[in-house]
Every structure is written in C-alpha cells, then in structure tokens.
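One line per chain: the protein sequences are A, B, C and D, in this order. Position 307 (the first sequence) corresponds to 436 in this note's numbering; numbering is contiguous. Position 215 (the second sequence) corresponds to 344 in this note's numbering; numbering is contiguous. Position 326 (the third sequence) corresponds to 455 in this note's numbering; numbering is contiguous. Position 46 (the fourth sequence) corresponds to 175 in this note's numbering; numbering is contiguous.
Errors might be hidden in some of the hints.
Note that the list lumps identical chains together, so a pair holds whenever it fits in one copy or between two copies.
To be verified - In silico DSS-like links for lysine-lysine, alpha-carbon gap of 30 Å or less: (1) 205 x 454; (2) 203 x 454; (3) 331 x 203; (4) 328 x 147.
No wet-lab data here; the hints were simulated from the structure.
Below are the chains, spelled out letter by letter.
Number of protein chains: 4
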Amino acid sequence: MIVTLKPAVADSELAAVKDRLNNLGCRLTEVRTQRGHYLIAGIHGEPDLRVIGALPGVLDVHRVSDAYKLVSRKWKAVPTTINLGDGVEITEGGLALIAGPCSIESREQMQAIITHLQQEGLRIMRGGAFKPRTSPYAFRGLRTEGLKLSHELARAAGIKLVSEVLSAEQIELMYDYVDIYQVGTRNSQNFELLLELGKVDKPVLLKRGMSSTLDELLQSAEYVFANGNEALILCERGIRTFEPAYRNTLDLNAIPALKEKSHLPVIVDPSHGVGVRRWVESLALAGIMAGADGVMYEVAPEPERALSDGQQTLCFPESSELIKKARQTFELRQRF
Amino acid sequence: MIVTLKPAVADSELAAVKDRLNNLGCRLTEVRTQRGHYLIAGIHGEPDLRVIGALPGVLDVHRVSDAYKLVSRKWKAVPTTINLGDGVEITEGGLALIAGPCSIESREQMQAIITHLQQEGLRIMRGGAFKPRTSPYAFRGLRTEGLKLSHELARAAGIKLVSEVLSAEQIELMYDYVDIYQVGTRNSQNFELLLELGKVDKPVLLKRGMSSTLDELLQSAEYVFANGNEALILCERGIRTFEPAYRNTLDLNAIPALKEKSHLPVIVDPSHGVGVRRWVESLALAGIMAGADGVMYEVAPEPERALSDGQQTLCFPESSELIKKARQTFELRQRF
Amino acid sequence: MIVTLKPAVADSELAAVKDRLNNLGCRLTEVRTQRGHYLIAGIHGEPDLRVIGALPGVLDVHRVSDAYKLVSRKWKAVPTTINLGDGVEITEGGLALIAGPCSIESREQMQAIITHLQQEGLRIMRGGAFKPRTSPYAFRGLRTEGLKLSHELARAAGIKLVSEVLSAEQIELMYDYVDIYQVGTRNSQNFELLLELGKVDKPVLLKRGMSSTLDELLQSAEYVFANGNEALILCERGIRTFEPAYRNTLDLNAIPALKEKSHLPVIVDPSHGVGVRRWVESLALAGIMAGADGVMYEVAPEPERALSDGQQTLCFPESSELIKKARQTFELRQRF
Amino acid sequence: MIVTLKPAVADSELAAVKDRLNNLGCRLTEVRTQRGHYLIAGIHGEPDLRVIGALPGVLDVHRVSDAYKLVSRKWKAVPTTINLGDGVEITEGGLALIAGPCSIESREQMQAIITHLQQEGLRIMRGGAFKPRTSPYAFRGLRTEGLKLSHELARAAGIKLVSEVLSAEQIELMYDYVDIYQVGTRNSQNFELLLELGKVDKPVLLKRGMSSTLDELLQSAEYVFANGNEALILCERGIRTFEPAYRNTLDLNAIPALKEKSHLPVIVDPSHGVGVRRWVESLALAGIMAGADGVMYEVAPEPERALSDGQQTLCFPESSELIKKARQTFELRQRF
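In isolation and in its complexed conformation, chain A is listed as follows (with noise of 0.2 Å):
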C-alpha cells in the first residue's frame, strides 16, 4: 500500500497515520523524494484504504501488490515527465531521440557529432566517459576530461548529456557535466550506486540487466526512486539468449509490458540491444511501433575507426534516415 502524504502534512498528522497503520500490522517505510513524501506499508488482508484516505494529512492511498511499489502504474495515474530544461524532456507517450558515440574520443569527434544533431534537431546527447571494459587490458575512456569537453560543447549547443557512472564516486566527479546519468547493463543490480543515485537532483537513466526480468528492473528503479529521486528513465537493451547471431537479443516484448506495469517512461537501445549496424534502423522503428517513449543509438563520424564497438554505431547519413523515419514512424503511432 503507500499512502501518499500532502506537502504540508503535520508532524501530529503524520504520527497519527503512523499509529493507524502500525495498529493494522503494517510495516512501515517513510519515503520523502525530492518531489513527494510517502509511506510504504506490508499489509495483511484487507484493511479499508478509505478510512486511512480520509485521515487528516493523506492526500491519497493505493493498493499495489507488485514487489515494487512507487515506480508501479497503479498508484499513478498521470505520465511522468523528465524535464531536462532549456524545453527539453523526456515524456510518457512522447518521442526522446538519444544519440552519440559509444565513447567519448576527442574534441573534433564530439564537434562533428554535436553539429549532426544540431542540424537534425536533437537535443540529447549520449558519450561514454568511463566505460565498463570486459577486458582490463581495453581502451576505458576520457574520464572526466572527456566529459568536460563534451558539456562544454554541448552546452553551447543547447544539447543536453547523457553518460554512464560506474560507481559512486564518480556522481561527485560527474555532477558539473552530465544531465543523465545511466546506469549500465553491468550495473543493474549494483544496489549500492541505485542508492546514492537516489540522492542525486538530476535524473537517472536505467538500463535493463543482460539478463534482469522486469520484475528486477523494477526493483532497481524502486532502489533509486525509494531513496529520494523520481526522475527516472527505464531502457531496454537487449537481453541474453542462446542466439548467436546477434550480440544480444533487444527484447521489444518488454516495452509494453513495461508500459503497462510502470509511469517512467521507457525508451529502447537498439545499437546495443542487436549491436548490428545494419539492423538499428529496423529495430529502432519496431521499438518506437511498439510503445517506446524514446531511441537512444550510436552515431560516429567513422563507426569504422572507433574505438570501441564501431560495429553498432551508425554514420551520419544512416542517423538522419533513421531520424526521418523515427519521426514519421511516431507520428503515425499517435494517429492510432
């Protein structure tokens, strides 16, 4: 159940809620996030939620019998929105187009990027800064170097920063340069960054585990969501199969169950999600046809000379087709 307080809720209101649902057997977690304040309550049978509504200082009550609770749809009955500033967000029922390199390389690579997704009309930008190498012997990125190069840049463009934290030592060291932090694949189920990333005010992007269910997904976003910060972005990308004929396999089915079980929005990754540059485009259009608030992909100036996973990643005239087709695709998908 969570019981969702009012703003000015009195400390006496609030205890007496407390006392209400302590003598019903509840356990009692208190939640306050940077934009609400609630309580979290186990509860045993069926306890009438219209008195407990009715107590001075609740602004509204729901049942939710999912293991996760404040990211569930249920209790929720409005889209939520990611406002990123400068009239960018990513909204519940609208079309977030991501893009950018795998891993942030040098100056010149991220001017020609930024000025492709100027001239495209994106506003959002992804870039690896610290990147999650499988083998320690691998290129691991610019680090905070590269990152400021890139808000310096971006900023100057109006283009907002998406890039992946490692751990939670690098919130702090991130915080100046990026307007998204993603959690990766590999971090997924890292419960301890989840929690500091709750703490965070800008807004966090989840990817979904290799081999997480939705149930875990959700989870995970309770972690962040539980610990204070609501701002936050689930993303398929791709799970583990037998198959071998793709990196991994986007599994498209989560996006409206995914719709269906949670308010966050839910964009899809279909660079990593096949991690086949031929077949993005494809499956980025599938994703968007399927429910997805958002794509978010990898374009280079030269996939090729990348240096890391140029294999997924598209060259300009590839990104403005599937840009083109992206929005057509979208707008025929409001239609219905």
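Place chains B, C and D on chain A using the hints.
This is chains B, C and D only, laid out in the frame that chain A set:
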C-alpha cells in the same frame, strides 16, 4: 556452391558438369525441385566460377558459404512469391495478414470468424485441427472433421487455409483441405516430416523452434527445399528465455536478420510470440516495422471461452483495430 | 487423482466407480497400459479419497496435483525397473552403463565396440541408425541395414541395443532389431511419435528436449505411459543456454529434481550434455554422484575419424577409465 | 604473450626488454602484482619466444592467445594456493569446505554456527553483512556491526571469514574483519570494484555472474590480477536459464572447463546454485566429483526462521551429513 542448371539441360551436358565438379574435388548433391534443378557442390579452395558458369547446360553459379544453400539470399536476387491461387499470395516485401482461431472447434465458430475475415478483406485463415498439446489429457483438436468443415466454409468465402501438420501420415489426410501446411515450433527439427513435405506441391509455413537458432531454422527450410518444395514461408513465433513476464519472447531481431540471410518470405506470430492478448497488437505493428512480410495471429468470437489458449487470442473488435493499424504501418514502411 | 483398478475389476464395478467419480464432477480419462488399468480424474474441491478407495474393484487411490499424473512419484512407492531380459535391467537406484558410437558405420566398427563392451562387462549398447542431422547434406545413417548388422553382433554377445526412432513409421522397421527405442531431443515433443510408442511392448528412453522444462519432459513421458507403455527411462542430455564454451549445458540439477518428481529411472548423457570429449568423464561421475541411475556415452575405435560428432566420443582407453571410476563412484554413493 | 620478469630485474634490463618488444610491434601493459612483475604484450605474427626468454631480466615467456592472460593456465604450471594463515588454505586439487549463514543476524546465531563448524573441523565461514537485496524494502544486513561480532567470535575459534563487498568504499570498512572479500554475482562485472580489489592484500572470491560466460568471468578475474592481487578464487553459483524448477541452474560443466582454462582454484556454491535445500547435498557432491576445489554452502541453526533465503540453507544435521560425504567423495576422487 550452387550450380543452377538450365530447364532443358541434356543428360550429356549434366554428366559433363558433374565430371568437371568431381575433378575439382567437390562433394555433389543433385537437387530437383518442383521449380528447378540444381547441383549443390561442397568445394575446397577457390575454383573459377566463370569457367563452370560457361559450361553447356549451366544457367548460373553462386558461391554460398553458409550451412544452408538453396534458401540463402546469396544466389537469388528476385523476391520469392508464394502463390496460393485466386489472386492470393505471400510475397517478400508484401503484407500477408493471416488470422483465425487457435483450434477449430465448431462450424458456428468458424463461420463467425470467416465472416469477420471477409468484412476486413483478409484472404488467409489459420486454424488448428491436429493440436500438439503438452498434456495428453488436453483437447487435441477436431482433426480431419475440423479441417473438412473449415475448408468447405473457407472455399465458399474465397479464403485460403493454413493448418498444422504433426506427422508424415497426416500430409495425405490433410491434402484436400489445406492450402498451406504449417510446421509448428515443436516439429521444427522433425526432419522426417520435413523430408516428406519436400514432396508435396503445396506451400509450407515453417515456424522457428522455440530454441532454434536462425541457422537451424534455415537448415530446416533447406531440408524441405532440397527435397523438392521451394514454396516456403518462415515464421518467427517467440523463443524461450529466462523472462517469466511473457509466455515466450518474440524475437524481432530475427526479422531483419532472416530477411538478409534468406530470400524466403518471413512472417511474425505475435499471438504465440508474446502470449498475452493485450500486447499482441503492439508487437504485430512492431514486427511490420521491423520488416516482416506478414502477420499471423489468433482471433475468435469469444476468446475467454476457447478450448485452448484464449489468453493470446483477440476478439473481433481488437482484430479489426489491428488490421487497420497494420495496413497503415505497412503503407508507411513502403514509403521509406 | 489416479484410481488404480484391480486387475480383475468387473465391468459393473468399473461402471460404478465411474458413476461415483462423474457425480463428484470429475473429468475422467481411462488408461489401460501393458501393466495396469487406471482412471485419471480431474477433480475440484476435496473429495474423501477413502470412500473411493473402498469401492469394489479399486486397488488404490492417490491425489496427484501435477500436470503429469502416472509418471509422478506421488502414487508409486516401489522403484521402477525396466527389464530387458537375460538379466539386464535399468532400475531406480542402480547404475546402468550404456555406451556405443554416435552412428553405426560398419560391421568392423561395431564388432570392435562390442568386444570392448564385453571386456568391460557392459550389457547395453547405443548406436544411431536413423540420424537426425541439422543439415540435409550430412550423413544420415545406415538406417535398417545398420540396425540389422548391429543387432546380429550384439545378440551374439548378449548385449542389448538402444537406437533412436525418428518417426512413427520407423517403429515397425526397427522392432526386430532394438531393445529400447530412444526418442531424441528434437522429438521430445513430437506427440504423434510419443502416442505410437505407447502401443509398443519395448521400453522407451526419452531424452529431454534441449529447451524443455522438467514439467514438459514429464508430460511427454505421460503421453507414452497414458497410451499404454509404462517402460520408460528419462535422460538428461544438456540444455540450451547462453554459454558458448560447451555445445550444451548438462543440467545436473535435473537429476535430484526428476528423481523426486517421478518414479521413472533417470540417466545422464554427458557426451551430448557437454559435447567436449575431455570433459565427458568428469560430468559422468558428477552425474552419478548427483543420483543418476545410469550413464549413456559415446565410444568408438577412432573418434577422430567418425562420420559424425567425434568431438564428444571417447576412445577405448578413456572409456575403460570412465567405467572403472563410474563403478567406484556408484559404490561410494550406495554406502551413503 | 606474458613476459615474467625476474624479481631483481634492473631498470636498464627492463627498458631493453620493452624496447625489444616495442620493436616487434607489441602493445605493452606493465603489471606489478603483490607477487610478481609482468609485461603483457599484444603480439602480431610469430615472434621467436626463445629470443625474448633469453633477454637479461626475463624469467619466463609464454604465449597466451585468450582474452584473459594472467589468469590463464597456459603460463603457470604450478598449482595456485591461497594461504589464509594459521594453516588454512584454499588450493588447486584440494577440498575447501566453507559454510555459514546467508546473513549475519545475531551473536547467538553466529556462535551456534561457529560451534558447529568447529565440531566438524571446518576452518572457513561465510556470512553476509552487506546484503545485496533485490527489493529496497528487504533486510539489508547488520553491516559493520555484523562483521565485528562475527570476526571476534571466528578469530577466537581459529576460523577465517568470507564476506561480500558491494562497493569500493566498503573495502576499507571491512578490512579488519574479513579474511576473504567475496564479489557477488550482481557485481561480477562491477569493474570499478574489481580495480580497487586489485590493490588489497587479502584474497578475493569472485562469483560468476548469473549470466556471465566463462570468458567474462576470467576477464573479471584478470581485472583484479592485473591490478595487483593474484590471490583469487573462482566460484560457480548457478546461471540463469529458462527452467523454473530451480532458482538458478548450477552449471557443473563450468568446473572442468574453468580448471582447464585457468590456474586459479574453482569452488562451487550449490546453495545459490540450485536454490532448493533438499537438493543442495547432491549437487555439492556432484561438484566435487566434477573436480571442484571446494564447496561453499549455507547453514544456520533454524533455516526456516532466517531473515533471508532460508529455502536454500541447511540445518546442522544436514550440514554434518554433507561434510562427511563430501570428504569421502573427495578421497575417492584423489584415488583416481
């Protein structure tokens, strides 16, 4: 290597071509299908294909290094079309909409469905008569009786019928009543059945095994083709993964991958693919956007009362919605 | 609910039992096997089993809530033994060692293998005559000719033969030459084949499908049992996972799980299970320690020259080692 | 290529070796661990290793073509032993038995467990203090307090402690209280954590990610090793598959495969691996027979009342049985 022979190749010419290939150390398989005459030659090294192509009686030569040969796109440039007669066809680059019940249950049910298909302009119906059921105590279909009544009603309405065949013996039993033989996911590697279907002059719709790789699916298709029957349709219908939120995981990555690898039409089955009725439409449209040449789904007058699998079956209004949106999605894709 | 009827149940008694069950709202299936006579009753609520057990003609009654019934351990306390004649048997709690080539290739090969088995005291040989091959261009076995020569040599040596059956038509072709019909992983849910095997009076060794759950394997066994043939052996042979280091992932968790769920003997096939020759022994011994009632593996005079799958086949010295260690491992397990 | 340098290599010698390798076009990484000094050289072509091995300051040279280098068996012939002090060690070819609760819950619980371990002659205890929990509302462990009390009791009993570390910050917090840092399945690719553990002078037990391939596990181990810490233990703990009958699928194929690929000790965790208490013993014994160098499992005084995961935890009598049988199984394996 595939050596396509001229329709009027002389015996002496054929013998000369075989001699030449044997001298090159090739292991030869001669294939005569209902449409063509081929030599499949396992080769070592780099023989000069132009020399072989210039031999009397040879129409064309292509190198195909995949495990599958005749179903590969590498040797066949023109799109494959499966002609069902009366102007009905399934073709690469087209949109074949196929709908019908999980199981044929009664004349009334089938008449209602056929009326619905007619109203919506659909020309191909699915419907199971011999049902593969996990439990030996479940309803196993009306068998030949079900096919007869469906065929009679469908023919009167100008509608073609797809139905699943479970064993070689059923091929003849079904012959008079079906227009397409369907091989289900559990028989995807029933090679004895595939061999027999190579000898029939009706098309075969081959579903991907729930744990088949794309290579295995294409080799299963090769079985039918190499035994004489070129009229093949591939169908993605969901694979088995760790995710419990859906019955199967519809793998839309397979659509662009199969379209690139093979010249055969590829359709998608979102009903079995995701197995949850309210997500079928989203995945059908996503499948079309991913490049599918058709959609096969389940529809019934009262899905809740179906003897089998009602949880993935649409009612008529849902089906009408899907059809309308599918056609608009296809139109948009064609404009790309 | 399984109602086991007395061998000499009178028609009037049977009718009375059915009436009683029908009055309780049960959906009834009557099963006559080569060994027993049962009523399988789908029940609702909590009928008093003692009342039914006391009816004339009833031997025993058990409640079985699983989807599979007759293969469940819940109704059968005594261990199941598959008697192959001449003192050879496969039994719960025993150690059946079964070895032989992937494919029967020649009289010389088979004689060498039989001599090896005799020297090591093995009484059951495996060997494929009808081979299910992924590619239509691969060697498909010596078929009936291979079975005949193997049978002749094996009988002279007092050795029993297991061989794979691919279709209902082959059942009769093979009947005179095999002692156990094997159903392979690709036919694990070929229900038409399973139905026909229910009518034969020879044992059936049922391999788990490479993506079958234990419940599905047990329901496949139920098909054969419910159609008359109780002489069943289950075989774990590796499932499909994301791991590319081995051909399949032998699932030894299945051994204690299947032993708990079913009264049927359970053996393990490490050759196909892991698919790498030098790891076969370790997994064979691990399988015995996990509780398997037998091991089936591949052995050949010159594995490197085998026409198929030599990479998982042991040579004679390796086989002798495995047999010696397997027996010692089994002795230790028995002392536990 | 791994070039192992002599402990007393002179700076001029080192420079000369690097020059030589640079001239061969190698990409060099210099690695200094707590035990050794290495150059990892990415090579092209076929340089003469004998020439490099003869250079002053060079102890040994090996070619290692795997993605992992220093953890590969190819360069290290002698078995790896992890020395924990006081005569306690984990070693290749040995049998380390490690038992303890899922979570440290109270002094009484820990004292009871330690007494049990002492009676059975076990010298290493597991116990979680920082618990990674899927739900943010679940019990997350006694944290430092739990470690302190466990350490105090364990030291008095001459028992070593393994406990899971969730983030780089916890490394120092835990340092005084643990003998082995455990990296859990959800942090298997938390590369920032792995890097930091490379700098610690205590052993690291690295669990396989629930969807990690063996190559990924070995590359994660390479992270720790290449950052300085050679004292590593690998642990198979179950992977994610489609089978719902067990919580995970313990993959015993990994045991012989990892033992062949790496020189590190490999242990098995049947508690998490199968996740069902009554099957833990069978899989522990199977793991030993497959070649594992140890077994780690959960034991508690009253598993049914544990705050977390009691369903896979043994009680004391079950644990005593397992220990007795494990030792007998190991003795038999040693005789082979």
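Honestly, which of those hints from before does the structure not fit? none
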